[in-house]
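Taking our numbering, the leading residue of the sequence shown gets 6, the next gets one more, and so forth.
Please keep in mind that the hints were generated in silico from the structure rather than gathered at the bench.
Where is the CB? At the ideal position from N, CA and C, for every residue including glycine.
Mixed in with the good hints there might be a few duds.
Keeping only pairs whose Cα atoms sit at most 30 Å apart, straight-line, the calculated BS3-like set for lysine-lysine is [stated by the list, open to error]:
| id | residue 1 | residue 2 |
| --- | --- | --- |
| 1 | 90 | 76 |
| 2 | 44 | 90 |
| 3 | 67 | 90 |
| 4 | 76 | 44 |
| 5 | 67 | 44 |
Have a look at the derived ranges for each label pair, beta carbon to beta carbon [to be verified]:
| id | residue 1 | residue 2 | range |
| --- | --- | --- | --- |
| 6 | 73 | 19 | 21 to 29 Å |
| 7 | 76 | 19 | 39 to 47 Å |
| 8 | 27 | 80 | 36 to 44 Å |
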Amino acid sequence: MDTASFRGRKFAHSSFIQHLRATAGVQAVYNADEAYTSKFCCHCAAAAAAAEATTPPIVFPKDCRYGFCTKCRRGVDRDENGARKQQQQQQDKKRITLNAGMKKLWLIFPKSKKILVKILLV
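Let the hints inform the model, and build the full structure from the sequences given.
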């Protein structure tokens, strides 16, 4: 069973999701697919160009969490870029309307070996 630590306590994946949904309040919790989220720039339309090109638009040096987009020349953090792309994809896919009271959008990646939860400030 996959377990993860949350505030020093161990949770199984399903109980972690139940705990997160119970305490989310006015926040939203969605399951998301994390594939290719860090390959496309969240600031420009580099995703369309990447589908045609052989090289990804974002270049990350080896073992580095910070890279830059070759199209718009902006620096991006790998996790922040992935979280923003997930937010864009979820809004497009599910037509999520974010309430004014929402401060965070939780995205859970169930296919990962470890539990990854990305927090998006809205």
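(request) State the violated hints by number, sorted upward, taking the hints as numbered earlier in the document. (result) Checked against the structure, the only hint that fails is number 6, while the rest are satisfied.
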